[in-house]
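Undergrad: The residues making up each chain are set out below.
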Amino acid sequence: MIKSDIILHLINLTIAYLQAGRWLDAVRDVSLDIRAGETYGLVGESGSGKTTLALAIMGYLGGGGSVKLGEIKLDGQDLLALNENELREVWGSHIAFVPQNPQSSLNPSLRIGEQIAETLRYHQGFDKTDAHQKAIQLLEKVHIADAGLVANSYPHQISGGMQQRVMIAMALSTEPMLLVLDEPTTNLDVTTQAVILDLVRELIQNRQTAVLYVTHNLGVVAQLCDRVGVLYAGELVEEANTDDLYHKPLHPYTRGLLDSVPRLGEVKGEINLRAIQGQIPALDERASGCVFQARCPVGVEQCGQRPPIFHPTENRWVRCHRWEEIYGGQISVQQPELQDVAQHLVEDSEQGDVLKLERLEVYFPLHRSLNELVRRSPARLVRAVDGVSVNIPAGRTLGLVGESGSGKTTISRAIVGLVPRTGGSVQLLDFPLAPELKDRDLETLRHLQMVFQNPEEALNPYLTIGETLRRPLVTLLGYSGQVAEVKVRQLLEAVRLPASYANRLPDQLSGGEKQRVAIARAFASNPDVLICDEPVSALDVSVQASILNLLSDLQMDHDSSILFISHNLAVVSYLADQVAVIYLGHIMEVARSKVLFEPPYSPYTEALLSAIPVTDPHAEQRLVRLEGEIPSPADVPSGCPFHTRCPRYLGEICVDKEPPWQTDPETGKRYYCHIPPEDLRQIQEHIFRTDRTLNV
Amino acid sequence: MRNKHKIHRRVLVLVILLVTALILIACGGAATPEPTQAPLEPEQTEEAQIPEETAAAPIEPENTREGVLRVAMQPIVQTDPAFISSDSEVLVANHVYDYLVDVDPDSIAIPRLASEWTTSDDGKIYVFNLAEGVTFHDGSPLTAEDVVWTFNRLRDPALELPTSSLYSNILDIQATGDLEVTFTLETPNPFFLYDLSDNHALILKAGTEDADTNFNGTGPFKVVEYLPEDRIVLEANEAYFVKGQPSLAGLEIIFFNDETASVDALRGGQVDVVMRMATSLFSSLQDEPGIITSDIPTNGFDLVRLRSDREPGNDPRVIQALKLATDRDAVFELVQQGYGAVGNDTPIGPLYSQYYASDLEPPARDVDAARQLLSEAGYADGLDLVLHTPDTGGRPDLAVVLKDQWAEAGVNVEVSVEPESVYYGDDGWLEVDLGITGWGSRPYPQFYLDVMLVCEAKWNESHFCDTEFDELAMMAGTTLNEDERVEAYRQIQQLLIDRGPVIIPYYFAQFGAISDQFEGFELKAFAGRTDFREVTLAQ
Amino acid sequence: MTSGTLFSSRKSESSAAPGWGRRFSLTLRQLYSKPASAVGSTIVILFLFLALFGPILAPYGANEQIFSDARRPPSSAHLLGTDNLGRDVFSRVVLGASEILLIAGSGTLIAVLFGTIIGLISGYKGGWLDETLMRFFDSLLALPALLLALLLLGIMGPSKSSVLIVLVLVYTPIIARVVRSVVLSVKTKGFVEASRLQGESLSWIMFREILPSVMPALTVEAALRFSYAIFLVASLGFLGVGIQPPSPNWGLMVKEARVHISQTPWALYAPAIAISILVIGVNLMADGLKRVLQSTSSD
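Protein chains in written order, with this note's numbering: chain B, 842 to 1537; chain H, 7 to 545; chain U, 4 to 302.
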């Protein structure tokens, strides 16, 4: 990196939105510089204003928002003073944007090649044939195999990962001065995400492009960026080199953020996840003093005044009155423990298995075309879940990890009966469960409950919290009036919500609070098994920790078993006693979370672990990258389903024969592969070594 | 700031919409047909043979035929002269064919195809001499045979034509010469000449099989093109037997379903003549520049009748009550706006000056007496009736006015307005209990008696059957003694006032409006018999 | 992400959930916050008032003919003049309001009732029941409303109850579709599935879980259908189908007055303007309802 001119210069930028007739500041007094060749990570949760900032820089704010104060300068040129035509010139040649959702940014009615060529022709004056050629070259540059074919395809015909590559190709086609990326990998699978990040890293390596990378994912920032700015409630509270920030965070918010995110390899028995108390203030609720004061564990009276910028060293700054004490180590900015986090000892359970899945199959027939109907070909099947056998011991948590399309959600729905299984059996307490929900009696329902992914849709918006919680008590347990009232209050207390919430409507609660109510509802009937389907994926990072802790506590109180489904391996491994990894409807590995991160790994787990960006800039991560795309569940590969992409592909045997279950005697891991554990242990190394130091 | 613009724009849009809506409604809903600017086609003067002197046709010097007259009329259904009935159907036929004799506005029979005639003393034998040089449109000459054939067809009981009962009195028809026809009657008929001039009695060529499509008449105009539902286009018959007629080069009868639309077309210059319109439409044309209006009294009327052959009409007190509950003067003012004449429940109107008994009139309106009668008849709690009416002319208004008037006597009327084609179609109008029917003007009142009120009458919608009436009608229709006839009619009027089944609140006026580019237009009481042979372009 | 501005920011003034009464007054207040919907709502309320109290307010009867007063222009005795038969136009317009609103209103309400139930069941159950119902409704929807009305009235014969049946047949399919589409999107939501997992009965799920989410779209659609129904009833009156004189149906009044427009133009303008104002008013109100009930910030 050659430190040269400042490409992007934001000075005291304040952006406001019009909401119900009032102008409210979404971004307040933000100043930052990005130099040529530098990658700047802008970190913030939802509601922090990071997307607003990115859009404002691009000039894409739209009717509801406007820049109230400050300047945006691109290589010295004032962007705010430009009219639309001039802006368009700038967009084409000087700034490029890679958005979060490629699907909505690509024109669905134009072929890929045409879209890329369009930019080239308009901004760089290529003629038609040249532009098409250049487009194909660009596609090759972003490692799209068969670039000619893709150039002739429509956006809906290619996968999400490929679409994003196309967006990147288009962005870089103009050799911009500044590249702005807004959460480009959020909607992608972990393995795909890794590949895209590699690509971005490679492409910016040899250019002088200034890069602004906006995200909430601390791991990605750690791996990709040179400098990091932390945005909270519209204000930039800290800025530093990546190294400095991760190893010596100064601002209490940064600290809290880092503490609340589970890291790979950390298990609940060993460390405590600490959530940041409170929640991000809404636009109209922002205080005038330090914006973080309400949630800060070390706030003092002085914090009523907005802290100025302090420079502990030349390269970093922080907005905190107490930075010196923090820097010097005199005070600890750890968030208080909300409750004693019970230390689960991970032992083998002596009680029996409370939930048993035996060769569970869920197949969906595809609609047959007229052709196929006439020819009487058998219906093609989508094999969402293909012979899964797994058990959950009483009082324990089983984590189920997989990417999208792996079948993990289908398993959860099949267990519960929302989706009828087509084969195999599900036994609850040695009692077989009917495939469909409507065939199960109330007694059964009482023992098996579920928490859903989207907290915003988890509660009936027209019922109060109290009414929502009362229903299971009345329907499943048969309580009435008075008794139910008492129970409702107890439930609220158990999820750490005030009793007054019983009279509120869901709209008056935050996302995290809604999920708590959903959890309370699920525990109302004291179920033996609780299925949690991605319960924290939709929540802010700082809130996730509290939910995970809550689940953990409640499980202990009720002695329930939990099936915890997620795509986030870090979260799962923190909470679960055992982890199962699923790919294309097949379980690939089952291991205790403590030993999940030690070899031997099943090849798929190996790839998965390699793909996850570690929240540690110094971590060395072995990079195993998967080629190609996940096959469609309608066309599951024969033999081992992973053989099409496996980096440890043996040969014909992987195609012809279904692999056996291997058990590693040392760690107790069971996995699905032709390679025996001893061999794997020899060829595999530890995926990563982290250097995480707890507390400062 | 932007919000204010949005408001202004919205208000503007609202206003524009409102104004547009108003304009559209005011201009009338029915689409006006494409304006046909009929080009003036001056014709070459023809070498016409000078016809022999006929009794009535004047010798006109040859003149160039010019002008196309466009007439707005209701759509026609029947084209076979034997089946026509509506104004427009008769109008068309009247110009494609000819009658043997015509009737002038003073109700005197005048020659048309028959140039002269003689009657025997006993009134049973009529001999007609036909005009010379008359040809059909296909070129063949008119002979007595054609007349014989035509009337034999009209009176053939097997064919059950509307006229079969009318001509049942004819014993025999003979072609007693090349151009001479002799009719022999069974009993004398003082109105025979009028009967011969019945709307249907147009002369067809003998042996015509497709009388509804071939339009092969002797009339002043030839059919050029018939477009059903749209118009019928006619051009002057160069070989017409009356020299100098027609003066027009062409005639177009354009069909309109909607009276308002036809009047609008007249205003807009798309048609030249309108003869069928509601009273208020006629009033609105009074001061219109470029349009000449005329109205003449007629013998036509609207009648309201209750079937007297079954409940509730079979109790004469009920009909009496209805009559007592009706205020004919109010009806006349409201519905006819003073045009025409007030009715007295008989089909013999003031135009029949010699027959009309002006001193006889129905009793004055008495609602209480009506109530009394009804309760005696067993309807003390009220009588429910459905009043069917076609949707043309003043009839819907008449229905509504009667509903209001009769309500005071405890009669609950539910009005049912039907399209004309539905009301008259399939003879439904003869079946309903309570209905309003319009009757066109006839030159003599006997027609109504014979066709509407006599026991066996074909169109006896009220199913009236009274022997005394039948006798009187028979007598009036056959005697050759005029005084006897007057007396008989007088008694008939009294009878009908006392116990007749019909309410006739008014007699129509016939309206006509014509563009001032034309002259020579003479309105007839039965609009369909209006004659355009002498209409010319205004000089 | 707030659904509807009805429930405002998290820190609400009262911690208790608003009851239906308060929701209603809140909706009303929000309707009046913007001029367009304020105008619309006022118009609707005004006409409802006229409809309810018409018989008391109208100085003359609907078919009361005073022939000495026929064809008079507007005056103090006759606010909107008299028509060709001497009937007071103002009274007829006022009484016509209750006619039209009663028929259109009850027709819409019944259609809403049927449509909601059918839409709920069809959407929730799915399967062949859903397919059959929807295909049948599709075929009904393919026919223009007026055409369908004329056809049905021709078969059934003109009468008030026929017109009502026509309204129900014409509008039930649309309502059912709207309800069904909302049901389809709601039934996959977490809280509905949670209810199923708790063993709630079918009627509870349909009426307490799903139906409230349907209400906003349903209300807006009902208001819209109401305006169409008014227009349809007036159109039928204008065509002279199904409505017989001397009914003060505005459409019929317009038809009757056309012939006499040169003599009594007020007899035509008054009902025509009444139709326009009412239909526009209901539409504006429906727009306002859409804004109030269905605005989502996530678009």
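Since the hints were derived computationally from the structure, they do not count as laboratory data.
There may be inaccurate statements among the hints.
Said to hold, decoys possible - Derived CB-CB ranges, DEER-like:
1. U:Pro-62 to H:Phe-89: 46 to 56 Å
2. U:Ser-71 to H:Leu-24: 33 to 43 Å
3. B:Leu-923 to H:Arg-15: 25 to 35 Å
4. U:Ser-164 to H:Leu-24: 41 to 51 Å
5. H:Leu-436 to U:Ser-265: 34 to 44 Å
To be verified - In silico DSSO-like cross-links for lysine-lysine, where the CA-CA straight-line distance does not exceed 30 Å:
6. B:Lys-1279 to U:Lys-190
7. U:Lys-190 to H:Lys-409
8. B:Lys-1328 to U:Lys-190
Built from N, CA and C at the ideal position, the CB exists for glycine as well.
Undergrad: With the threshold set at 30 Å, check whether the alpha-carbon distance from U:Lys-190 to H:Lys-409 stays at or below it.
TA: 57 Å, violated
Undergrad: Is 33 to 43 Å right for how far apart the beta carbons of U:Ser-71 and H:Leu-24 are?
TA: 34 Å, holds
Undergrad: For a C-alpha distance cap of 30 Å, please report whether B:Lys-1279 and U:Lys-190 respect it.
TA: OK: B:Lys-1279 and U:Lys-190 at ~15 Å, within 30 Å.
Undergrad: Has the hinted range 25 to 35 Å been met by the Cβ atoms of B:Leu-923 and H:Arg-15?
TA: 29 Å, holds
Undergrad: State, for the Cβ atoms of H:Leu-436 and U:Ser-265, whether the hinted interval 34 to 44 Å holds or is violated.
TA: 36 Å, holds
Undergrad: B:Lys-1328 and U:Lys-190: Cα distance at most 30 Å?
TA: Holds, at about 28 Å.
Undergrad: CB of U:Pro-62 to CB of H:Phe-89, is that within 46 to 56 Å?
TA: Cβ of U:Pro-62 to Cβ of H:Phe-89: about 52 Å, so the range 46 to 56 Å holds.
Undergrad: Verify the CB-CB distance for U:Ser-164 and H:Leu-24 against the hinted window 41 to 51 Å.
TA: 33 Å, violated
Of the hints listed earlier, those the structure fails to meet are numbers 4 and 7, in rising order.
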